[in-house]
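**Q** Starting from the known structure of chain A, fit chain B onto it as the hints suggest.
Protein chains: 2
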Amino acid sequence: MANDKGFTLWFTGLSGAGKTTISKIVEEELRARRSRLEILDGDVVRENLSKGLGFSKEDRDTNIRRIAFVADLLSRNGVPVITAAISPYREIRDEARETMGDRFIEVFVKASVEVCADRDVKGLYAKAFSGEIKEFTGVSDPYEEPLSPEIVLETETETPEESAGRLIALLEERQLIPAAQPA
Amino acid sequence: MANDKGFTLWFTGLSGAGKTTISKIVEEELRARRSRLEILDGDVVRENLSKGLGFSKEDRDTNIRRIAFVADLLSRNGVPVITAAISPYREIRDEARETMGDRFIEVFVKASVEVCADRDVKGLYAKAFSGEIKEFTGVSDPYEEPLSPEIVLETETETPEESAGRLIALLEERQLIPAAQPA
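Top to bottom, those sequences are chains A and B. The number in the numbering used here is simply the position in the first sequence, starting from 1, with 12 added. The number in the numbering used here is simply the position in the second sequence, starting from 1, with 12 added.
Hints should not be assumed to be uniformly reliable.
[To be verified] In the DSS-like style, the derived pairs of lysine-lysine whose C-alpha atoms are separated by at most 25 Å in a straight line are: (1) K63/B / K134/B; (2) K17/A / K17/B; (3) K63/A / K63/B.
Honestly, the hints are just simulated from the structure, not real lab data.
So that you can see chain A by itself, here it is in the shape it has in the complex:
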């Protein structure tokens, strides 16, 4: 039964690429179709599981591994999970993929640093370029693009609704979520 299929939508991408915006649309759509869903928001996880960790490679890796540990616990028990942390390092994402197997769906939210910096919704890029924020992914810290993600959301050319719609379609196609009710 579709309701018993756990999976993890692992959003990855630069700050400002659209991870949160798109994941919220997907969340709304999934909630409309089924009851179970957990969002492992980057900030909530840092508060509850990773307080004290910083943004060095080691601390980022530890934080991402914790998110993966919890996402695995939930998804292997049939609970769909959305994570939306930057998760810049390929190796650690691949570790998560290995743990979760075909429950792991890597969602690459793709936009160039230039476009993200232009959007700069939170004013973080300005601070990163001025050096006020150190270790900022895409500016002073690396972002390693996924080599074979399950889906690439091209947020420079698609609207968030279009991106979310394509992801939902993928989940339907894989029979991970029930079809939408006819209106």
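**A** Here is chain B on its own, set in the frame of chain A:
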């Protein structure tokens, strides 16, 4: 349906009181009756969520809060959880209770320090009394007994099987698990 009822069996008690032994019997019995169950073993959690934390009050509190965070995520999605960390401080256990409400079942595994030290299965009490291990609960660190746990397992006078049997009976009575199949 019984299979959708999440709850957390929160074992608490001194090292050597019998938490792990009893929880393993309960685990086996629950697995025989239903498919979903997660064990948040103290050591596994320290490895995956709390590496770097020590045994000061602050670090113990943080570790227990993380266990509670994950137990809540799972149990609110219908997954039964067993945790078996010492969890010496009442305030933090009560926090977990407040978060999980009636999904939280505090299981006090009761035995005196003297009896636990006599058993000393892992040789830890000897090291605690000699001062080789600092901050050892019940010896050089406090253990605050639960004031109103859902159940007290008297491991000085009951066998582990008897303790486990009483806990299983409580879960049946509360209709949290399906009845055993007739033989």
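**Q** Each hint should be assessed against the structure and marked as holding or not.
**A** Status of the hints after comparison with the structure:
1. K63/B / K134/B: Roughly 22 Å separates the two Cα atoms, so the pair holds.
2. K17/A / K17/B: Status holds; Cα separation ~17 Å.
3. K63/A / K63/B: Judged against 25 Å, a Cα distance of about 12 Å means the pair holds.
In this structure, every one of the numbered hints holds.
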